[in-house]
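S.K.: Given next are the chains, with one letter for each unit.
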Amino acid sequence: MGIVEAILLSVITAATPLVLAAIGELVTERSGVLNLGVEGMMIMGAVSAFAITQITGSPVLGMLAGVLCGALFSQLFAFLTLTLVANQVATGLALTLLGIGVSGMMGESFLGIQGIKLQPIAIPFLADIPMLGPLLFRQDIIFYLSIALVAGVHWFLFRSRAGLKLRAVGDSHASAHALGVNVIRTRYLAVMFGGACAGLAGAQLSLVYTPQWVENMSAGRGWIALALVVFSSWRPWRVVAGGYLFGAVSISQLHAQAFGLGIPSQFLSSLPYLATIVVLILISHNRRTTLINTPASLGKPFVPDR
Amino acid sequence: MRIELEKRAKVSTLFSVLSPFIAFLLTIVFGGIMFALLGKNPVAALYSFFVEPLSEVWSLHELAIKAAPLIMIGVGLSVCFRSNNWNIGAEGQFIMGAIAGSILPVVFYDWQSPLVLPLMMLMGMLGGALFAAIPAFLKAHMNTNEILTSLMLVYVAQLFLDWLVRGPWRNPGGMNFPETRTFAVDAILPEMIASGRTHWGFAFAIIAAVLVWFMMRYTLKGFEISVLGQSERAGRFAGFSSRRMIWFSMLLSGAFAGLAGISEVSGAIQQLRPVISPGYGFTAIIVAFLGRLNPLGIVAAGLVLALTYLGGEAAQLSIGVSEKVTRVFQGLLLFFVLSCDTLIHYRIKLVFERLAATSTEGSR
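So the protein sequences, as listed, match chains A and B. Mapping of the first sequence onto our numbering: residues 1 to 306, in sequence order. Mapping of the second sequence onto our numbering: residues 1 to 364, in sequence order.
Hints are computed from structural coordinates only; laboratory data are not their basis. Some hints here could point you the wrong way.
[What the hints assert, rightly or not] Straight-line Cα separation of at most 30 Å, DSSO-like style, residue types lysine-lysine; simulated pairs:
no., chain 1, residue 1, chain 2, residue 2
1, B, 10, B, 221
2, A, 117, B, 324
3, B, 349, A, 165
4, A, 300, B, 221
5, B, 349, A, 300
6, B, 7, A, 300
7, A, 165, B, 7
8, B, 40, B, 324
9, A, 165, A, 300
10, B, 349, B, 7
11, A, 300, B, 10
12, B, 324, B, 10
On a predicted model such as this, the values are computed, not experimentally measured, just so you know.
One chain only, chain B, in its complex shape:
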């Protein structure tokens, strides 16, 4: 038996909508099998992983807090991926955004003003964008592969943050713990809803998603992004510059990742620590693909992947599996998403050798 693909005459709208759902179902089935192999009751395990975190108000707030950076970064990355720019260093841009945004509350600790918060957000965006400008410059002007450079810079950003919080930015009154001062009230992103911890970062993420959705759908820029992504040559004939697009998409996604970083630090952690992200920048890649690179889809996908973080913690408490199960679920999900996307462009046919025996040798 072998698998053959037959190109569809036109893109299947049905499967464009269905494929993320099929992928999610397959992930759940495989997850159940995995739990069974670990000797757990799969139904109970899946329940505690995917349903329990949704049953209480406080955990819904945690969901929004975790979804905020994922959506924010994922939306930015969708613009990159659509225009064929593979920025996979969002984790580093997230960290540098957080650092740049923290300059005011850490270094100029005494300055208190209602201006602090908006300035922090701006500097966060600037920090992320500047860090993304490195791979953008190298790709646009030095012909250097952006996948590798943006990824290498993640390690550099992590080490830089580690140095800051253990060295010059360490809290002088903090018993030598590797962390900065706790931010003053003026520098803390306020809560959005009275019932819990969800901060304004979540609103930023939704606004970003809507703005990018509008840009992709109704503006010339959105058209330019799609055209250059599908065919650079066609884009050139239309007068679009792929070099300018590298700059645009990388700076945009860097700024979004940076804003996500400073929002997370200012809203949820309220100080800098050696590690401020459980891999949001990488998980956001999965979010972008699960949302089929559509900003509104990414909002839903961000919530799903935020759930896998909470589910991992819940499953560790209630059924005693390692929270590392989260990463496995995330990886599986991306795999299934990518395989299901095939259905959009191709019909998959199973060919049995006996029936195909008449076909010529050379074609196999």
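Next up, chain A with everything else stripped away, as it sits in the complex:
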């Protein structure tokens, strides 16, 4: 495999968790809920995926555990913000803080253990295409899922009845409620989908990206995913574009460090975070387009009248 292929491959691996977490959060936000707990759900997914893989010896079971754990963990947020109408920003932060704490405790006995990597699956025929084959069709199942999920979410939001209802809930919960849509249930499900995706993203980190458990291994990726949703203007395919852009930035800093350009490694390591800020500025500085794109009920509490 040539150097170009190796670099592209590492970009894909770095981008997949971002795409996954962002596409989940995109659906959550389209329903009008701002869940800042992505980082927490992701790290919970990572630790449970690693733990179950160690216990059962099967990374596929581990992956499922990550998804399940992320989905369950997100329901804590959903209960507080949807049933008890707690402040969404504060509750999201609480979810992140709790996730980091609980995962640190759960993962303590797994520190320093060599993990089991999720094996790639070659797709017959397609995998033999030169260049593209090894890049796109000799990947692990989580990569395939990430692309399928983006396509699925696009179809769901813009081509299905349920998706139309979900967008209605996110744009005007009062009108959706008046039309008989169950706002709270829709939002519970949207938050759960976001949690499952973040859990899967976490599982990718501890089973594919670096198959081991390190405390705090999500390293702000959950937050970058949140920024990606803004970047995408809440449109699914743009999440992929943004995710790969960020994947490329984080990989390029690794390669720059390897080449030893004489730039301190800490400056290179801060590039993904600085890039996030720059991208956010470029996307949001125009007040009007931001206003048009953002789901109108985003972050607003809803108490059904009876």
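On the provided structure of chain A, position chain B as indicated by the hints.
M.R.: Same frame as chain A, now just chain B:
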């Protein structure tokens, strides 16, 4: 069974006072269950976590040392949160304050004067405020979400500190350890009480809390903060500018976090290291909410959360659970605080389906 909320006619004063206590009790109950699940005697574990650290003079001093930055940062954040500005990058402002304040004792090591300490404190505040000015500018003038930008800058600050102490600021006589020189006596924040290590940072925190309490309660600025936080539109009609409020609240909380940072470094650590905070900036968010965004409440809340740090260390020594239990307690506490706050504005009713069968389908 399902839960329904019924809006109270007016805010419940009873629950405004009680809710933090209920939250704390629930945290203790859940903590006990957690210890039991870990195979420890819950009573003994809770005792060593919450009571033991309070039984000796030296550990009370440690409590004050840990509470100082939490209160200081929490008070600043309460102004932000009340005015609806979500600065969650206090950890980064804490670090940049510590760095800016350390310029004198690290770079101008030879300059000794009674002026050093006050200048350090000022520069610490300036450093924190300038770092908070970035998300403030981006929110006020570029319409950029301050939650994400302030958080991203935390990572940048951490990496910057790491570079400084491993690179240009590393102690030349320090056997290559990643740390700066130890500060000279002139640059060390003195102890406050003769019996132990508590330094003046604790006094700064209490003074800050009282000042902000006074501002919120008795001045027009305090009124402006509350009005803009509750309704930006109403604030505009009153002639208040939400853009100026972004600047005010972010710079204030940044300056407080910066002062907390340089006080911690100068009073407790006495040099810069790659890591100077066990997450004070994030824990202070919990402190602010547990104190119900009231500066005096925040003083009490800061002491409680400082106790969770000490409790974690104590529990690790005496019953052998990981000190990571601290973070779990802190997270649980914030969750319960936020859920109990619902009681202030709503009555919670449990509705059983059998009884509610007559209500129409559409309303569910």
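S.K.: Keeping to a limit of 30 Å between CA atoms, is the pair of residue 165(A) and residue 7(B) held or broken?
M.R.: 27 Å, holds
S.K.: Given the hinted pair residue 349(B) and residue 165(A), is their Cα-Cα distance within 30 Å?
M.R.: 28 Å, holds
S.K.: CA of residue 7(B) to CA of residue 300(A), is that 30 Å or under?
M.R.: Roughly 16 Å between the alpha carbons, so the hint for residue 7(B) and residue 300(A) holds.
S.K.: Residue 349(B) and residue 300(A) were given as a pair; does the straight-line alpha-carbon distance stay at or below 30 Å?
M.R.: Holds - the C-alpha atoms of residue 300(A) and residue 349(B) are around 22 Å apart, at most 30 Å.
S.K.: Sort out whether residue 324(B) lies within 30 Å of residue 117(A), counting only the CA atoms.
M.R.: The given pair, whose Cα atoms are some 27 Å apart, holds under the 30 Å limit.
S.K.: Mind checking the alpha carbons of residue 165(A) and residue 300(A) for me, to see if they're no more than 30 Å apart?
M.R.: 17 Å, holds
S.K.: Is the straight-line distance between the alpha-carbon of residue 10(B) and that of residue 221(B) 30 Å or less?
M.R.: Answer holds: residue 10(B) to residue 221(B) is near 25 Å, not above 30 Å.
S.K.: Going straight from one Cα to the other, do residue 324(B) and residue 10(B) come out at no more than 30 Å?
M.R.: 40 Å, violated
S.K.: Given the hint that residue 40(B) pairs with residue 324(B), test it: the Cα-Cα distance must not exceed 30 Å.
M.R.: Roughly 16 Å separates the two Cα atoms, so the pair holds.
S.K.: Taking 30 Å as the top limit, are the C-alpha atoms of residue 300(A) and residue 221(B) close enough?
M.R.: This hinted pair holds, its Cα atoms lying about 26 Å apart.
S.K.: Please work out if residue 349(B) and residue 7(B) have their alpha carbons no farther apart than 30 Å.
M.R.: 11 Å, holds
S.K.: Next pair to validate is residue 300(A) with residue 10(B); report whether the Cα-Cα distance is within 30 Å.
M.R.: 21 Å, holds
Violated hint: 12 only; the structure is consistent with all others.
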